[in-house]
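Protein chains in written order, with the numbering used here: chain A, 1 to 371; chain B, 372 to 682.
If you are wondering where the hints come from, they were derived from the structure by calculation, not from laboratory data.
One or more hints might be untrue.
[Said to hold, decoys possible] Far from chain A, some chain B residues (derived; all Cβ distances over 10 Å):
id	residue
1	V413
2	G464
3	A525
4	E609
5	R635
6	E639
[What the hints assert, rightly or not] Here are the simulated lysine-lysine pairs, DSS-like style, with alpha carbons at most 25 Å apart:
id	chain 1	residue 1	chain 2	residue 2
7	A	K114	A	K92
8	A	K306	B	K468
9	A	K162	A	K103
10	A	K306	A	K97
11	A	K332	A	K114
12	A	K308	B	K468
13	A	K92	A	K103
14	B	K513	A	K308
15	A	K306	B	K495
16	A	K92	A	K306
17	A	K103	A	K306
18	A	K103	A	K114
Using N, Cα and C, we set each Cβ at its ideal position, and we do this for glycine too.
Given next are the chains, with one letter for each unit.
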Amino acid sequence: MDKFFKRVPKGNAAEGNTERTRPQPSQTTPPDSTDPNLNSADLSDGAEPSAARPSEGPAPKFAWSIKPQGEAKNGKTLAHPVKDIPDGLWIKCTHCKELLYTKEFENNKKVCHKCGHHFRLGAWERINSLVDEASFAEIDSRLVTTDPLAFTSLAEPPYAQKSLESRRKTGLNEALITGFARLEEQPLGLAVCDFNYQGGSMGSVFGEKLVRLIEECMARRLPLLTINASGGARMHEGMFSLMQMAKTTGALARLGEAGLPHISVLTDPCTGGVIASYASVADVLLAEPGALIGFAGPRVIEQITKQKLPPGFQTAEFLLEHGMIDRVVERKELRATLVTLLRFYAQAAQQAAQSQAREVRLLQREVSYAG
Amino acid sequence: MPDRERERKSEVPKAPRLKDRDRDKETPHSPAWERVLLARHVARPHTLDFIAALTTDFVELHGDRHYGDDAALVGGLAQFAGRAVLVMGQQKGRDTKENIFRNFGMPRAEGYRKALRLMQHAAKFALPVLTFIDVQGAFPGKESEERGISLAIAENLMLMSRLPVPIIALVTGEGGSGGALAISVADRLLMLENAVYSVASPEASAAILWRDASQAPAAAQAMKITAADLLEFDIADEIIPEPPGGAHTAPALLMETLKVTLARHLDELEEHYTRRGAAGIEAMLETRYAKYRRIGRWTELAEENLSLDHV
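Looking at chain A on its own, in the form it has when it is part of the complex (with noise of 0.2 Å):
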């Protein structure tokens, strides 16, 4: 488990950075998934990724945010907010109060020792956790929103300058990243939400951005990965947001249709648009413990409905029950989940390869016979 945590580690982030202002995904993923890197796979269990290169860079743009941002496993927002001691040295986990070693708690992914709360991950926390080192690209990071409605609000700034302040606070351009990684040298299309960036919200950007990604998927054989957190569509692009919904599922459909994975992992939030569309219609859907979600949050429920919600409702485990998702995964045996599941299908589009030459082996065989 050492190695796995010394995964964290921030210097990624540099990296991560750069390929940002220069996307060339193709340096990283080789243009076809049936090299023998699918085979390597299985060679390379426990070795250091030989992907790794060097950081280099400015530091990063974008805000390491220590302070967790969870909420309490039924989904309210609870009392007492997380107080950031002056020296950040220790915080406090907002679930079970006990007091946590800043530094612990991070190389343990954010979740607490004592009682296992997983608080939120921003998108690049959650990539540099996640995939081998250094072996993210990412790709369309300069797509940014326009002002389609051009929004104009009672209460707030006006869209286009919320998103200005949304892009400084956060260092990201959407509330969406993706790009190409490797999972224990296995290459796959990966797509994080930042849930810090407007509540995850899908709109325009998003939504070309998951596409484009899909459509990159396709053209060069790999698997997809979506790692969701959002509070649904962004009202600030009305039916622009909506029509994503229906953009990014067809995208899915002909993913599949190509035989493609998709993993789906489902992490707190999950509500809205995003789980009625895309984040839904994957080959396997995990969620990790606690995370919220469904379709309209508890508060939406409860204020039309009048009716009480049990405890737990809308959780990952109170979708595993109802036979809505396949597992609950914790965020420590994530990575080794998705490299297991990865290698089921590699290995299944191996096999089909085989059956598929054994035919055209056969069928030459009876052509030259006839011949």
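Once you have looked at the hints, place chain B on chain A.
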């Protein structure tokens, strides 16, 4: 029935929480909000009225084959313009009793699974699909969550994007959110003149944006939800004019226009695609994908603009 009373009745189908506010005549209005009120007018034709007026021999098919039959989403086989077609749509009620039966036209997971089953049925027998959209949103209740409404909607989106038969969707009243989209991924999206289609109902939008559902009229305006807006955005394909005063004032007139328009679109789709065999169907699916593929607005930053120091 006097107009005033009809006006008052028109408020019944709205979600319960809105009743008090909507009765308040002081509520600020906006041009888009006027459309919303027209789209929700209780006398406005609903899905079963459209089916009755436009088609013959309608045989309703019930149930999702998994859990139950959702009265908020109806569908079945019918004759339209000389063809067998599959029709479906959300169904609102006209009075409290009917609305309770129809769940105010808000389908639950079983409603969308029924839609899924019916569409698979249509694909099996190569029947064109006509859908009528009139829904404030999918039902956001406890049972919806327990039965996986998000998955049901998502699966519909996926199926419709690859359904090998022509799909024409008509927004007849209000199209609200994923609950509307789940049966409107189509080759042609048509809207009645006073219909609206939005990412969330104006009330929900206002609640999400400003935590104040009473600002719905302002939200309706800001979100650009009218048929004209959607045509301009290239999301809707055609607007069907309504009689002056709205669809409910002269439904027969509207139905005549609709019959012609729907038949024309169906003719076009059949001529371009389905009568051309497998290649035609493939072309239809490509066109459908491209139609949604290009929706959205974005811009690409130049390298030098990456720094946000000037913000």
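Would V413 of chain B pass as off the interface with chain A, using Cβ distances and a cut of 10 Å?
-> V413 of chain B clear of chain A: closest Cβ-Cβ about 20 Å, beyond 10 Å.
Regarding the assertion that G464 of chain B does not contact chain A, is the least Cβ-Cβ distance greater than 10 Å?
-> holds (17 Å)
Given the proposed pairing of K162 of chain A with K103 of chain A, does the C-alpha separation stay at or below 25 Å?
-> violated (33 Å)
Are the Cα positions of K306 of chain A and K495 of chain B separated by 25 Å at most?
-> Violated, at about 41 Å.
Is the straight-line distance between the alpha-carbon of K306 of chain A and that of K468 of chain B 25 Å or less?
-> Answer holds: K306 of chain A to K468 of chain B is near 19 Å, not above 25 Å.
Quick one, are K92 of chain A and K306 of chain A close enough, alpha carbons at most 25 Å?
-> violated (34 Å)
Check the non-interface label on E639 of chain B: least C-beta distance to chain A beyond 10 Å or not.
-> The assertion about E639 of chain B holds, with a minimum of 21 Å to chain A.
Pairwise hint evaluation, K468 of chain B against K308 of chain A, where the allowed Cα distance is 25 Å at most | holds (24 Å)
Holds or violated: K103 of chain A to K306 of chain A, with C-alpha atoms at most 25 Å apart | Cα-Cα ~44 Å, so violated.
Claimed clearance of chain A by E609 of chain B, with the beta carbon kept past 10 Å = Non-interface label stands for E609 of chain B: nearest chain A Cβ at 16 Å, farther than 10 Å.
Under the criterion that the straight-line Cα-Cα distance not exceed 25 Å, is the pair K114 of chain A, K92 of chain A satisfied?
-> OK: K114 of chain A and K92 of chain A at ~11 Å, within 25 Å.
25 Å limit on alpha-carbon distance, applied to hinted pair K92 of chain A and K103 of chain A | holds (13 Å)
Hint compliance for this structure: hints 3, 9, 10, 15, 16, 17 are not met, and every other hint is.
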